[in-house]
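Asks: From just these sequences and the hints, can you work out the full model?
The listed protein sequences correspond, in order, to chains A and B. Mapped onto our numbering, the consecutive letters of the first sequence carry residue numbers 1 to 335. Mapped onto our numbering, the consecutive letters of the second sequence carry residue numbers 1001 to 1343.
What the hints contain is simulated information worked out from the structure, not anything from laboratory work. Treat each hint with caution, since some may be false.
Selected chain B positions facing chain A (in silico; Cβ < 10 Å) [what the hints assert, rightly or not]: (1) Gly1102; (2) Ile1161; (3) Ala1164.
To spell it out: a stretch of chain B is covered by chain A in this simulated footprint if at least three of its residues, at any positions, have a beta carbon under 8 Å from a beta carbon of chain A; those stretches are [to be verified]: (4) 1105-1114; (5) 1264-1271; (6) 1319-1325.
A short list of chain A residues far from chain B (calculated; beta carbon distances all over 10 Å) [to be verified]: (7) Arg32; (8) Val49; (9) Glu51; (10) Tyr57; (11) Phe117; (12) Tyr189; (13) Ala194; (14) Arg263; (15) Ser295.
From the three backbone atoms N, C-alpha and C, an ideal C-beta is built for every residue, glycine too.
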Amino acid sequence: MTAQTERELETETETMTVREAVRQALREELERDEDVYLMGEDIGLFGGVLEVTGDLYEEFGEERVRDTPISEAGFMGAATGAAATGTRPVVELMFSDFAGVSMEQIMNQMAKMRYMFGGKAEMPVTVRTTEGGGMGAASQHSGTIHTWIAHFPGLKAVAPGTAASAKGLTKAAIRSDDPVFVFENKMIYEQQGAVPVDEDFTVPIGEAAIEREGEDATVVATQRLVGESVQTAESLADDVDVEVIDARSLYPLDTETIVESVRKTGRLIVADESPLSYGTHAEIIARVQEEAFFSLDAPIQRVGTPDTHMPFSPPLEQEVLPDGDDVREAVERVT
Amino acid sequence: MGEIDLQSRDGRAEALRRMLTIRAFDSEAGDRFADGEIPGFVHLYIGEEAVGVGTCAALESDDYIASTHRGHGHCIAKGLDPKYMMAELYGKAEGYCNGKGGSMHIADVDAGMLGANGIVGAGPPLATGAALSIDYQDRDQVAVGFLGDGAVAQGQVHEAINLAATWDLPAIFVVENNQYGEGTPVEKQHNVDNLSDTAQAHDIPGLTVDGMDVTAVAEAVGEARARARAGDGPTLVEAETYRYRGHYEGDEEPYRDEAEIERWKDRDPIESFRDRLIDRGELTAEEFDEMEAEIEAEIQAAVEYAQEADEPTPDEAYDDMFAETPPEIERFATVARTDGGER
Ligand SMILES: Cc1ncc(C[n+]2csc(CCOP(=O)(O)OP(=O)(O)O)c2C)c(N)n1
Ligand SMILES: [Mg+2]
Chain A
1 MTAQTERELE TETETMTVRE AVRQALREEL ERDEDVYLMG EDIGLFGGVL EVTGDLYEEF
61 GEERVRDTPI SEAGFMGAAT GAAATGTRPV VELMFSDFAG VSMEQIMNQM AKMRYMFGGK
121 AEMPVTVRTT EGGGMGAASQ HSGTIHTWIA HFPGLKAVAP GTAASAKGLT KAAIRSDDPV
181 FVFENKMIYE QQGAVPVDED FTVPIGEAAI EREGEDATVV ATQRLVGESV QTAESLADDV
241 DVEVIDARSL YPLDTETIVE SVRKTGRLIV ADESPLSYGT HAEIIARVQE EAFFSLDAPI
301 QRVGTPDTHM PFSPPLEQEV LPDGDDVREA VERVT
Chain B
1001 MGEIDLQSRD GRAEALRRML TIRAFDSEAG DRFADGEIPG FVHLYIGEEA VGVGTCAALE
1061 SDDYIASTHR GHGHCIAKGL DPKYMMAELY GKAEGYCNGK GGSMHIADVD AGMLGANGIV
1121 GAGPPLATGA ALSIDYQDRD QVAVGFLGDG AVAQGQVHEA INLAATWDLP AIFVVENNQY
1181 GEGTPVEKQH NVDNLSDTAQ AHDIPGLTVD GMDVTAVAEA VGEARARARA GDGPTLVEAE
1241 TYRYRGHYEG DEEPYRDEAE IERWKDRDPI ESFRDRLIDR GELTAEEFDE MEAEIEAEIQ
1301 AAVEYAQEAD EPTPDEAYDD MFAETPPEIE RFATVARTDG GER
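Replies: Written out as structure tokens, the structure is:
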């Protein structure tokens, strides 16, 4: 069954970019709930380095769209303390590569407080951050780190691949009483898609979406690779019928939708930009072999970054950056 | 426990009572740890009682505190119940954190106690965050971040102070300078003469007070609170104090000698405050002895309660990870149970 609820399909939509979809989500949640506010570096006056927050500062003012000092440990910690004491901060971490600077507050405070205190702490904090190579930003501004967060107990992680899921997941993250990281691939900010305009539209955290139905092989993709996998599937349509699933949520992971698809197709390709070793691919594959081992007709394939950092020079970057062609090759290897 | 208003006679008696309660609690915790009844680590607050109690004496009951690894004293000063504290140290289901936190993570968020903390320097950013919530919602509260002298060297502490100072948040940072970070003396860890000098970098008031004197601490924190509530931002208060016991129980203390410990004990915060109250005719030696005996009995009762309280059931290990539990937890719990035999 497709995880795209009927409600999603029924509602009126508007075509917009991923960037606009995220901004619309932020705007709607700021309007809906007074306790929600945004904080981060250059998100106000400047409008965000990748222009996601845009004019929200003009609309909502400096109390609700807060420019912070360049102080990731400080503001990540402050967001954690604020979430525990009655407000709902939405943090923008400019590039996910900067997570290291704030990791202590993320891993030892944000992720652990509820558990360590026997459930007696609330942690309704959202962290939005950008990932991915493709713009020549080199190794310290192109990382894909979502595996760290998805791996770390106590945190939830989502990584939208379409404009609709970007909006729906951002809203769900803000409404969640758990810490949720929203990983935005910076290369799809300009990607267009149909986005439900209903202010109550959300994408439940933990539900994948079947973006293209198919019978012969399953591609589970994330972020930029969702769109590229759908294009690849279309181009292969004469020879092989490929199903493409947008995982959307990394933790929790919609094991059921993925497993059901593999039971049908017997073949699995996992396409995610994170480095290949010990990662997101491995987790998805482990779950599939646990539940659908005997449905598999071919070795599972993975498409990702081949354990390098993101190099600067375009030919080098293109070499290691996974794309639709890599997905095509992977599909061809097993069909 | 009631409010600690040092302007009133009852309040002063209450301050003395809380300091004594901290000492009795921690002496007992040390003994029970030595007997192997309390697992993990315990960091005792004995000698530093005037800092926690003086600070909380200047606070309103709904103010927040973010504590440190040496947090028992902060809990008692804030009004937490020694019974549930001891149960938490014992890892019992009836403890403040249902046995999931222990000494290093004891907390009661509803009472404004945002947790002891196993990470040196992690409390101040949380206090800044609580102050952000207060400011954002225009609430009439403040948030205190406690930190040790050692923690003053942590980057995130200064980030927290800078953020609070820049946004004029109602935060107070209380540095408990007990002269050592673990076994390293304060002068080997910092270039400034007084740790309160670091406040200058953030253009906020920084003062050093006698941390063995509960009224001196309360006065400084009281001024800081007034300033914070007036919208003038944070203050850094350094309280000079001393821990009588090792860094943690079991520390062999090669870094100091008995004479140094005795010099500080001569200025004991409880004895000196007791003597002051006796001099003022507010307390007799007999009343003090009675108070001590009552507290001793209360702590013994807390220990008995903790000893007899229920252990958490193994299944509770899977609770409280999230507000909305993901299917993964149940899935892997099932695997763990199958591996571990019957439950
Ligand atoms: C980030 C971090 N580094 C090191 C430690 C180990 N550690 C625990 S307490 C402590 C000393 C802290 O000294 P101080 O801040 O002065 O507090 P005190 O123990 O004196 O109360 C150290 C090094 C830790 N818990 N966290
Ligand atoms: Mg110290």
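Asks: Work down the list of hints and note, for each, if the structure agrees.
Replies: Evaluation of the provided hints:
Look at B/Gly1102: its Cβ gets to within about 9 Å of chain A, closer than 10 Å, so that hint holds up. Below 10 Å, beta-carbon pairs count as interface contacts, and B/Ile1161 has one with chain A at about 9 Å; its hint therefore holds. Proximity of B/Ala1164 to chain A holds as hinted, the smallest CB-CB distance being about 8 Å (cut-off 10 Å). Judged by the Cβ-Cβ criterion of 8 Å, the region 1105-1114 of chain B is covered by chain A as claimed, because 6 of its residues qualify and three suffice.
Coverage of a stretch by a chain is defined here by at least three residues with a beta carbon nearer than 8 Å to that chain's beta carbons; for the region 1264-1271 of chain B and chain A the count is 0, and the condition is violated. Only residues whose beta carbon comes within less than 8 Å of a beta carbon in chain A count, and the region 1319-1325 of chain B has 6; three or more means the coverage holds. Taking the minimum C-beta to C-beta distance to chain B, about 16 Å, the non-interface status of A/Arg32 holds against the 10 Å cut. For A/Val49, the shortest C-beta to C-beta distance to chain B comes to about 20 Å, beyond the 10 Å cut-off, and the non-interface label holds.
With 10 Å as the threshold on Cβ separation, the claim that A/Glu51 sits away from chain B holds: the shortest Cβ distance comes to roughly 25 Å. The Cβ of A/Tyr57 sits about 16 Å from the closest Cβ of chain B, beyond the 10 Å cut-off, so the non-interface label holds. Not every C-beta of chain B lies more than 10 Å from that of A/Phe117, the closest at about 4 Å, which undercuts listing it as non-interface. Against the 10 Å criterion, A/Tyr189 stays outside the reach of chain B, whose nearest CB is about 28 Å from its own CB.
With 10 Å as the threshold on Cβ separation, the claim that A/Ala194 sits away from chain B holds: the shortest Cβ distance comes to roughly 28 Å. With a closest Cβ-Cβ approach of about 18 Å to chain B, A/Arg263 is found to remain outside the 10 Å limit, as its non-interface label requires. With a cut of 10 Å on Cβ distances, A/Ser295 stays outside the contact zone with chain B, its closest approach being about 19 Å.
In this structure, the earlier hints numbered 5 and 11 are contradicted, and the remaining ones agree with it.
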